[in-house]
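Chemist: So the protein sequences, as listed, match chains A and B.
Residue numbers for the first sequence follow the working numbering, beginning at 155 and rising by one.
Residue numbers for the second sequence follow the working numbering, beginning at 155 and rising by one.
Some hints here could point you the wrong way.
Put simply, identical chains are the same to the list, so a pair is met inside one copy or across any two.
[Said to hold, decoys possible] Under the rule of at most 25 Å between Cα atoms (straight-line distance), these lysine to any residue pairs were calculated in the SDA-like manner:
no., residue 1, residue 2
1, 377, 502
2, 430, 255
3, 357, 186
4, 377, 414
5, 430, 267
6, 453, 379
7, 450, 489
8, 377, 433
9, 413, 182
10, 435, 345
11, 377, 456
12, 218, 248
13, 453, 344
14, 435, 344
15, 377, 434
16, 430, 375
17, 435, 486
18, 435, 343
19, 487, 506
20, 413, 432
21, 431, 341
22, 413, 454
23, 377, 342
24, 377, 455
Calculated from the structure, these hints are not laboratory results.
There are 2 protein chains.
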Amino acid sequence: MAEVNGKIRIKDIAELAGVSKGTVDRVLHNRGEVSRASREKVEKVLEEINYHPNIHASALASKKRYNFHCILPDHETADYWAYLEMGIEKQVEELLDLNVNVVIHYYNQYDVDSCRQVYASIPDLKPDGVLMSPLFKDSSNAFAAKLKELNIPFVFVDSQVEGVEPLAYFGMHSYQSGHLAAKLLVGDQYDIKDIVMFHAKRKGETGANQTIQRKAGFMAYIKENNPDCRIHSVGLYWNDRDKNDIIMDQFFRENPGIKNSVIFNSRVYMVADYFKKSAMKDMTVLGYDLVDRNVKCLKNGAVSYLIAQRPEIQGYRALKALAQHLIYKQEVKPVNYMPIDILTAENIDFYVNFPSI
Amino acid sequence: MAEVNGKIRIKDIAELAGVSKGTVDRVLHNRGEVSRASREKVEKVLEEINYHPNIHASALASKKRYNFHCILPDHETADYWAYLEMGIEKQVEELLDLNVNVVIHYYNQYDVDSCRQVYASIPDLKPDGVLMSPLFKDSSNAFAAKLKELNIPFVFVDSQVEGVEPLAYFGMHSYQSGHLAAKLLVGDQYDIKDIVMFHAKRKGETGANQTIQRKAGFMAYIKENNPDCRIHSVGLYWNDRDKNDIIMDQFFRENPGIKNSVIFNSRVYMVADYFKKSAMKDMTVLGYDLVDRNVKCLKNGAVSYLIAQRPEIQGYRALKALAQHLIYKQEVKPVNYMPIDILTAENIDFYVNFPSI
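So that you can see chain A by itself, here it is in the shape it has in the complex (with noise of 0.2 Å):
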């Protein structure tokens, strides 16, 4: 029998609704069979006495076993997707006394093999809720396709997937923070004619969605503000700089004239490092995420603007909306875009020292 806080007990709210306490209990629990006399009855007390529910002890005398399992990308420290794992990490503190199993797996975010491989070996896991990152598009659309005929809950972090309905999403607005990105490097510039784009190369799915959603945001800033000016796409292998620094050089001997770079995602230091090192100095850079090499490259002047989408923030409250959906069984908001915030050498210090969570 589920407690209710305070003072008031079931059996008071069945005495005042002159119905059973196990109607009162179903009514609080939506859960069997209530005729609309009887609910009506037990709602109108409910309103009269003020009552809020004492989820958290209801969710701690549940007996039953959640597993959530959550499927992010490999990553290393410190860089975007390990803040995206701190946030789920201290959601996983708040949830220890609830029966709560988590586990985190990962794939390979340049090798959509990798990743298909990860979402097969879920359903087997029998999971109550799942937690992704859906960077590659059609692979993601298949496994999300799956979760629902399972009935298994889903929520996205860090990108959306047309045509897929999560539980829940917590991320960016990725084709706002495109034409954004566009705007502080070009802005009313039209003088400006050319901006190189750096890319990721991928194995398999042509490109994260993010990126996807980031980059048409940009063109079309760029379209409307400065038809002329032409993008440049440079793909780079985020595990072979010598690769890189051969593709760059290339790249510039051709187009030497570039001063303004843009890349959709977190590794703007690695192409901050190659203009350093080549000397190329007066080049605007703008990049993605709070990592700590983009912010020394953000301090010491390599790297113009960072946009920062709160990963921490995310990976708690996508956890937490499958906990709150399951074991609370409250309602959760849809689609949670979270701030796209702009960052410099000059506000970077006072944005890092505040707290995010």
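Given the coordinates of chain A, work out where chain B should sit on it, guided by the hints.
Modeler: What follows is chain B alone, placed relative to chain A:
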């Protein structure tokens, strides 16, 4: 007799330390005389039992009534100071059961005499603590000296005053925010050779502290990055639109090529309205503060950038600092810079929907 939380009572501590209950009470509340030897005995026991004072209960038990006086510019609904006051009121709610009485006094921010009158009236009210926005440098400096003489702790919001050390400051790093304003407005556009800077005409001292620092940061950026750029300074009356129209008409007749403008306070909507009325469509405008009318201008494109500084948090935390110092006897961090938030049409919606306190 003050309480001790959990299962350990003052009596127990006294027994463990081999001193009287009165001695423990005096050490815990840092009042009255205690011999060094007794103090050390008590402190050793407190450390051993990992004692944390139940400060809220102990403050509740205290009979003392506290009078906090806040001194702010007079303001309209939904302007910058209204948000700061909302933060103060949120903190007042939290202090409700603590015998704290909070009074807010207002002065005309465009008239130093009005500010001086309010300052002069405060000592007779025998405040226990003062929260103030030291807009006028010299008068605020003199008032702060008076408070120090009377041994009344005070906190600053919004601006700092050079050479004055309040108990705590909550606000922006003004100089850095000005540097950032120049970067956003001009960046590496070396072809921009004229910028118009609007300022408020004030009666008395030469302008607000905050504004002076912002301007200094702005000028430093320009000097370093675009030394040939001319800054035109135009003074406006904040209560006389007709007069301002005449001033701006004349200025832009004499300086028709200027496309970039900045204003270091929250009245940027007045400038944006003028540009709209005058069909000056291609102006780039940067201002401060997330007041409703500015947000509207940001969304409709009349203002390109707003720099914001979380006034609610300033008010909330500044009043809290007085309570922490006076009631809870806690240490207070002296300098508390707010994040410098950059808002544009692209990210404003995701910022305002996010909880700020």
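Chemist: State for each hint whether it applies.
Modeler: For each hint, the structure was consulted:
no., hint, in the structure
1, 377 x 502, "between (30 Å within a copy, 22 Å between copies)"
2, 430 x 255, "neither (46 Å within a copy, 58 Å between copies)"
3, 357 x 186, "neither (49 Å within a copy, 72 Å between copies)"
4, 377 x 414, "both (16 Å within a copy, 23 Å between copies)"
5, 430 x 267, "neither (35 Å within a copy, 55 Å between copies)"
6, 453 x 379, "between (30 Å within a copy, 17 Å between copies)"
7, 450 x 489, "between (32 Å within a copy, 24 Å between copies)"
8, 377 x 433, "between (31 Å within a copy, 24 Å between copies)"
9, 413 x 182, "neither (63 Å within a copy, 62 Å between copies)"
10, 435 x 345, "both (19 Å within a copy, 19 Å between copies)"
11, 377 x 456, "between (27 Å within a copy, 20 Å between copies)"
12, 218 x 248, "within (17 Å within a copy, 38 Å between copies)"
13, 453 x 344, "between (28 Å within a copy, 22 Å between copies)"
14, 435 x 344, "both (22 Å within a copy, 16 Å between copies)"
15, 377 x 434, "between (27 Å within a copy, 22 Å between copies)"
16, 430 x 375, "between (29 Å within a copy, 22 Å between copies)"
17, 435 x 486, "neither (48 Å within a copy, 43 Å between copies)"
18, 435 x 343, "both (19 Å within a copy, 16 Å between copies)"
19, 487 x 506, "between (27 Å within a copy, 17 Å between copies)"
20, 413 x 432, "within (13 Å within a copy, 35 Å between copies)"
21, 431 x 341, "between (28 Å within a copy, 23 Å between copies)"
22, 413 x 454, "within (18 Å within a copy, 30 Å between copies)"
23, 377 x 342, "both (12 Å within a copy, 21 Å between copies)"
24, 377 x 455, "between (28 Å within a copy, 17 Å between copies)"
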